[in-house]
Structure formats: structure tokens, C-alpha cells
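As you go down the protein sequences, you meet chains A and B in turn.
Per our numbering, the first sequence starts with residue 1, numbered consecutively.
Per our numbering, the second sequence starts with residue 266, numbered consecutively.
Source of the hints: derived by calculation from the structure; they are not laboratory data.
Model, not experiment: these values are computed from the prediction.
Please note that a few of the clues may not be correct.
Straight line, CA to CA, 25 Å or less: simulated DMTMM-like cross-link-like pairs of lysine to aspartate or glutamate [to be verified]:
#1 B:LYS452 / A:ASP94
#2 B:LYS380 / B:GLU402
#3 B:LYS380 / A:ASP94
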Amino acid sequence: MGTGRLYVAVAVGGFRRYATYRVATVAGVFTNTVFGLILVYTYLALWEERPQLGGYDQAQAVTYVWLGQALLSTLAIGGGGFEDELIERIRTGDVAIDLYRPADLQLWWLASDLGRALFQLLGRGVVPFAFGALVFDVALPSDPVTWAGFLLAVLFGMVVGFGIRYLVALSAFWLMDGTGVVQMAWLLGFFCSGMLLPLNVFPGLLGEIVRVLPWSSLLQAPADVLLGRADPLGTFAFQGVWAVALLAAGRLVQSAATRRVVQGG
Amino acid sequence: MTGGGFIELDRVEKVFDVRKKTGFLRWERRQVRAVDSLSFSVARGEMVGYIGPNGAGKSTTIKMLTGILTPSGGRLRVAGIDPSRERTRLAHRIGVVFGQRTTLWWDLPLIDSYKLMHRMYRIPDARYRSNLEQCVELLQLDALLDVPVRQLSLGQRMRGDIAAALLHDPEVLYLDEPTIGLDVISKARVREFLRELNTERGTTVLLTTHDLQDIEQLCSRVMVIDHGRLMYDGPLAGLHEAGESERTLVVDLERELPPIDAPAPARVVRVEGPRQWLAFPAAQSAAPLVARIAAEYPLVDLSVREPDIEAVIARMYADRATA
Ligand SMILES: Nc1ncnc2c1ncn2[C@@H]1O[C@H](COP(=O)(O)OP(=O)(O)O)[C@@H](O)[C@H]1O
Ligand SMILES: [Mg+2]
């Protein structure tokens with residue numbers, strides 16, 4: 001009970017922190033909208049050549065693009081999550097301060113990142129998505145249950161995204177220069193989450209693989225729930241398994257890292 | 266070691282394994298003995314200064330006392346608790362301020378960090394409110410509560426950090442260089458507050474610094490550490506004697522003159538144009554010396570420089586080595 005209130009407070013703080021950067025938010029909305037436009041016209045050209053590519057019709061492909069823009073910063077697929085800050089704290093040794101507090105490092109950052117994600121969804125996601133839905137022909141469900149399922153899939157996506165980035169950030173305990181790892185992870189995430197192209201477009205074995213990797217929980221899973229192309233319960237189960245596995249791995253690495261810090265490595 | 270102290274260290278050691286790159290794929294392993302067979306005891310309610318030059322092992326000691334570093338050897342207890350084994354339990358009973366780091370939430374108003382402490386330490390609501398009120402008043406944080414931490418000056422931030430460390434009523438407060446980089450007024454405020462905290466609430470305070478004035482104004486007891494070893498533990502006056510430390514009188518004369526003829530043991534150590542530097546024992550008052558120079562020389566201006574702690578310790582160290 002008492003612990004719950006702490007992490008709620010941390011999440012609220014995470015939300016409010018990002019809310020203080022109004023100019024950055026407006027700039028982000030603008031960027032996402034422009035990006036979305038470029039991608040939409042690319043997709044439309046592509047779908048003109050190959051109708052029903054990946055099983056999507058044109059309206060679904062366009063919806064997918066705007067969904068991607070709405071979730072890009074929410075799920076920190078293009079960077080910009082908590083990980084830069086944690087890596088910096090590890091590098092400067094400030095992370096030691098976090099350790100003497102009576103709070104759990106992983107839950108703390110999870111709460112803070114969920115607060116951030118929620119702000120990004122509302123502050124940066126909604127406007128480009130609404131713009132896309134108004135200007136283009138999109139395929140949106142009218143059934144509120146589908147929307148609820150979609151939001152739940154996004155929430156799962158936030159946790160999986162956190163799980164991946166937490167592991168990436170913790171690598172800074174062992175690597176002097178974490179920027180290489182962060183950039184690799186960013187590139188991999190951009191590709192494997194379906195941010196460039198929907199994962200069901202990928203052919204053969206490559207397609208099979210990217211669809212079972214954790215990144216497919218981020219964009220592809222919520223998109224397929226919204227577009228009515230995936231069974232919601234099966235999707236939640238898939239995302240849930242990855243979330244639990246990644247959080248558990250994070251805990252293991254965290255305790256190894258903590259041991260290292262208290263020994264003074 | 267008699268036991269019974271609130272903070273007890275018995276031959277505590279901390280050795281760091283440092284790997285240094287010496288060439289392509291070649292690493293050299295070296296051991297740094299940051300704290301070396303350190304023993305001391307601090308009673309409840311004491312206010313102790315912990316001083317020493319850079320790299321002496323002060324921060325390492327504080328980190329071991331909070332439990333975020335495990336000693337390599339020896340025995341360490343705070344309130345009967347082994348910090349590195351029960352870090353979280355101890356956390357509720359100690360407060361820590363690191364001068365060069367902040368525990369405050371950078372982008373958010375100061376008050377948000379305090380609300381977080383409220384939850385983190387599960388401070389009862391009434392207790393939290395009265396502690397906050399008291400800290401806000403004594404540290405003059407009133408106008409700062411709604412200001413984002415990143416907009417605070419260093420001195421304001423430090424006061425904010427000290428308040429954050431005290432909301433959960435810790436029995437002991439460790440401060441690692443709390444006055445570093447602060448202006449004179451901020452330093453004075455911080456010192457004033459710490460004195461009150463210690464006398465009114467009876468909080469045990471352990472303060473590292475390399476500003477001797479912090480110690481002079483606050484602590485009846487001082488411990489000096491160098492190269493991880495305890496060089497001195499006792500009253501400040503004794504430190505000056507032990508280190509035979511000297512203060513410096515800087516004198517500006519009207520014109521260039523031969524070295525001032527000062528009564529021993531005071532003596533001129535440097536002359537540069539009309540300015541002269543005189544060294545005299547730190548334990549001795551400057552007044553007679555000043556009076557004499559003012560009477561016999563065309564004096565324009567003068568100032569007294571406190572002994573440099575590094576110099577005091579260096580001299581102590583040299584004494585030990587030759588003794
Ligand atoms: N994590 C660490 N790894 C290796 N060496 C360290 C570490 N922390 C401190 N040291 C070394 O230990 C010695 C004491 O450092 P420190 O306690 O920070 O000194 P002080 O706070 O008195 O300036 C220094 O030589 C420092 O370089
Ligand atoms: Mg230090």
C-alpha cells in the first residue's frame with residue numbers, strides 16, 4: 001500500500017517532468033506529423049504497386065503509419081526514454097545515491113518511464129494521430145472494446161519497451177562507453193518494432209523471427225489489435241510473457257550491478 | 266575501541282581494484298587503499314568534523330557508513346546495524362547529503378521532491394508537515410518551493426538537499442562537502458542551520474569538508490584523515506598545535522620597503538613590491554602583530570589568511586614520518 005503510493009508519486013513526477021518542456025512537445029508534435037506525411041506518401045506509393053501487402057489494405061497501411069507516429073516517442077522507439085538519464089547516473093556515479101534510498105531501482109525507473117510514456121502518448125501522440133485520421137482515409141474501429149484492447153496492448157508495449165531499455169541502460173555498469181550499445185539498440189528497435197515497415201510485410205524466415213522478438217510487442221502488437229487483425233488475448237499473452245521475462249532479466253542484471261557498485265568496481 | 270558509540274569503526278579498510286589500460290589489450294591491475302585500518306567512535310548527539318585533502322578517503326568512509334560501499338575489512342556499525350548488509354533498514358535512520366550530487370528532482374519544483382520523500386520514507390503525515398515547516402523556515406526555502414530545482418543556485422540547491430535529507434527525522438546526518446562552491450552567505454546559513462539541528466534536535470552530525478572554517482564554527486571535535494589513515498582525532502586547537510600550523514598576515518605598505526622587522530616567531534616569508542607576507546603561529550592572536558606593524562610602518566591595508574588545511578596535514582604527515 002505505502003509502496004504503491006511511492007511509485008504512483010514517481011510516475012506522476014515522470015509525467016509532470018515532461019509536461020514542463022512545452023516547446024519540446026510542440027516541436028515533437030510537428031516532427032511526428034511531418035514524418036508521418038513522408039511515410040504515408042511512401043506507403044501509398046508502395047501499396048499502389050503491391051495492393052494488400054502484408055495483408056493490409058491502403059486505409060489500414062495509412063492507419064499503421066499514424067499509429068507509429070503516435071507511439072514513436074511514447075514507447076521511446078526513437079530514443080528519448082529514461083535510459084539516457086540512467087546511463088548518465090551510472091557513468092557519473094550518481095547511481096550510488098539511488099542505492100541508499102529505501103526504494104527499488106527497477107520499479108522506480110519503471111514508474112518514472114510509464115509516467116513519461118503516458119505524457120508522450122497524450123502530449124505528442126494524439127495530435128499527429130488525429131491529424132492523420134482527419135486528413136487521410138483510415139481504418140478505425142467503432143467498437144469501444146477494440147479501443148480498450150488497443151490501449152491495454154499499448155500499456156503492455158510500454159512495459160516491454162521499458163524492459164528492453166532497462167537492460168540496455170544497465171550495460172553501462174560494465175561498458176565504459178555505453179553510447180555504442182544505446183545506438184545499436186535504437187537501430188535494432190527501430191527496425192524490429194516495425195517502425196519502418198509493418199512486420200507482417202517481412203518475408204520468410206526473417207519475418208518469422210522479427211515477429212517473435214520482443215520488439216514486435218511495441219508497435220505491431222497494438223496496431224494489429226486496433227486493426228482487428230490479431231486476437232487480443234493472444235496478443236496480451238505474448239506481450240505479457242516478454243514483459244515478465246525482460247523484467248526478470250533486468251532484476252538479475254540489477255543485482256549483479258548492485259554487487260559491483262557496493263564492491264566499488 | 267570501547268564500544269557503545271553510535272557510529273563504530275574498528276580497523277575498517279577499503280581497497281579498490283583499479284584496472285588501467287597500459288597499451289593495446291594490456292591492462293595493469295593496481296590496488297588503491299582508500300581507507301586503511303580506520304578506527305573511531307562517534308557518540309549520539311556529537312558533531313564531528315572529518316577533514317583531509319582531496320583523495321584522502323573521506324567520501325569512501327561516508328559511503329561505507331551509508332552502506333553503498335562494502336568495507337574490504339574490519340568492522341563497522343551504525344546504530345548497531347551493519348550498513349552494507351542492511352542498507353534499506355539503515356536508510357530510515359540516516360540522512361545523507363553529498364555536496365556535489367543532488368537527490369532532488371531536477372526538472373520539478375522543489376516541493377515535489379519533498380512529497381516523494383514523504384512517500385519513500387513513509388513519514389507520518391503530521392510529522393512530515395511539521396518537519397517540512399521547520400526546515401522551510403530555518404533554511405529559508407519559502408520562496409523556493411515552487412521553483413524547479415534546475416533553476417536554483419548552488420547554495421539554494423544545497424539548502425534544498427539538506428532539508429530533503431532531514432524530513433524523515435534521521436538520527437544521524439552525514440554531509441560530504443556541504444559547503445563546497447558556496448558563497449559566503451550560503452555557507453553561513455548552512456552552518457547556522459547545522460548548529461541548530463545539532464543542539465535543538467540532538468541529531469548526530471558527521472561533516473566532511475576541506476574548509477577549516479566549517480569546523481571552527483561548528484565542531485568541537487575534528488578527525489583528520491590522509492591516505493586513508495586517521496592522523497588526528499581531538500579538538501581543533503590541538504590540531505593546530507599538532508600540525509604547528511601558521512596563519513599568514515598579508516600587509517600592503519605605502520611603498521616598497523625592506524622586510525618588516527617582526528617579533529619572533531612571526532617572520533616575513535615573501536616580499537613583492539609594497540606587499541609583504543608574514544607567517545605566525547595559528548594559535549596566536551594576530552592583534553599584537555598588527556598593532557606593532559601599524560605603529561611602525563606606513564600601512565595601507567592588511568588581511569589574515571587562515572592556515573591551509575592541506576599544508577597543516579602535510580606538515581603533520583612529515584612529522585609522523587620523521588618521528
Ligand atoms: N570506486 C572507486 N574505484 C577506484 N578508486 C576509488 C573509487 N572511489 C574512490 N577511489 C580512490 O580512493 C581514494 C579516496 O577517495 P575519496 O574517498 O573520494 O577521497 P576524498 O573524498 O577524501 O577526496 C582516492 O585515491 C580515489 O581515487
Ligand atoms: Mg570526497
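Structure-based check of each hint:
1. As the CA atoms of LYS452 of chain B and ASP94 of chain A are separated by approximately 24 Å, the hinted pair is consistent with the 25 Å bound.
2. At roughly 17 Å between alpha-carbon atoms, LYS380 of chain B and GLU402 of chain B fall within 25 Å of each other, so this suggested pair holds.
3. Of the supplied pair hints, the one linking LYS380 of chain B and ASP94 of chain A holds, its CA atoms being roughly 21 Å apart against a limit of 25 Å.
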